[in-house]
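Student: All letters in the sequence shown, in the order written, are residues 1 to 143 by the numbering used here.
By construction, these hints were calculated from the structure, which means they are not laboratory data. Note that beta-carbon positions come from the ideal geometry of N, C-alpha and C, so glycine has one too. Among the hints, erroneous ones may be present.
Computed beta-carbon distance windows for the label pairs [claimed, not checked]:
id, residue 1, residue 2, range
1, 143, 89, 14 to 24 Å
2, 72, 29, 28 to 38 Å
3, 140, 82, 11 to 21 Å
4, 120, 7, 13 to 23 Å
5, 143, 92, 18 to 28 Å
6, 3, 99, 33 to 43 Å
7, 108, 54, 21 to 31 Å
8, 1, 140, 30 to 40 Å
9, 4, 108, 40 to 50 Å
10, 75, 11, 34 to 44 Å
11, 93, 140, 30 to 40 Å
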Amino acid sequence: MATRFQRWALTLLRVGLGGLMLWWGLNKIVDPDLSADISDIFYFDLFEAELLSLVFGIAQTGLGAMVIIGLWRGIAYPVMTVILGFTLASTWYAVIDPFGWWLPAQVDFPFTQLFYPSIVNFAGALVLWSQMDNDRWAIDQIL
């Protein structure tokens, strides 16, 4: 049985990571040019095609909403974990050397330290997934 503290912690983590997915998805919908630039720099041009970026943005926005409310977590959490794992793999250098003190520049971006939290996001997704049964305030636990 989860304690009150654990329920609050899992809820905040769920809402926070779901919000990240939601905002990333909305950005792909609202500003496809920025998404293409980000894709070019960090994601091997995966979302350079505007239609693919739009489709993924819609899916990611839906995923974020599902995570926030805790709906279909058995599907949503693994998908989110894969996305965050891909982001971590794409920005590995920012985790190992966030300020570029000893690794040569991997990308032309002045603030690589902003990607250090990708490891925290990925770990948070793993925690949510592993503690699904303790998240009693998720919609699919209530229904």
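Student: Hint by hint, say whether it matches the structure.
Tutor: Do the hints match the structure? See the list:
1. 143 / 89: 14 to 24 Å: violated (35 Å)
2. 72 / 29: 28 to 38 Å: violated (21 Å)
3. 140 / 82: 11 to 21 Å: holds (20 Å)
4. 120 / 7: 13 to 23 Å: holds (21 Å)
5. 143 / 92: 18 to 28 Å: At 39 Å between Cβs, range violated.
6. 3 / 99: 33 to 43 Å: Since residue 3 and residue 99 have Cβ atoms about 38 Å apart, the given range 33 to 43 Å holds.
7. 108 / 54: 21 to 31 Å: With a Cβ separation near 26 Å, residue 108 and residue 54 satisfy 21 to 31 Å, so the hint holds.
8. 1 / 140: 30 to 40 Å: Given range 30 to 40 Å: violated, Cβ gap about 18 Å.
9. 4 / 108: 40 to 50 Å: holds (47 Å)
10. 75 / 11: 34 to 44 Å: violated (19 Å)
11. 93 / 140: 30 to 40 Å: holds (37 Å)
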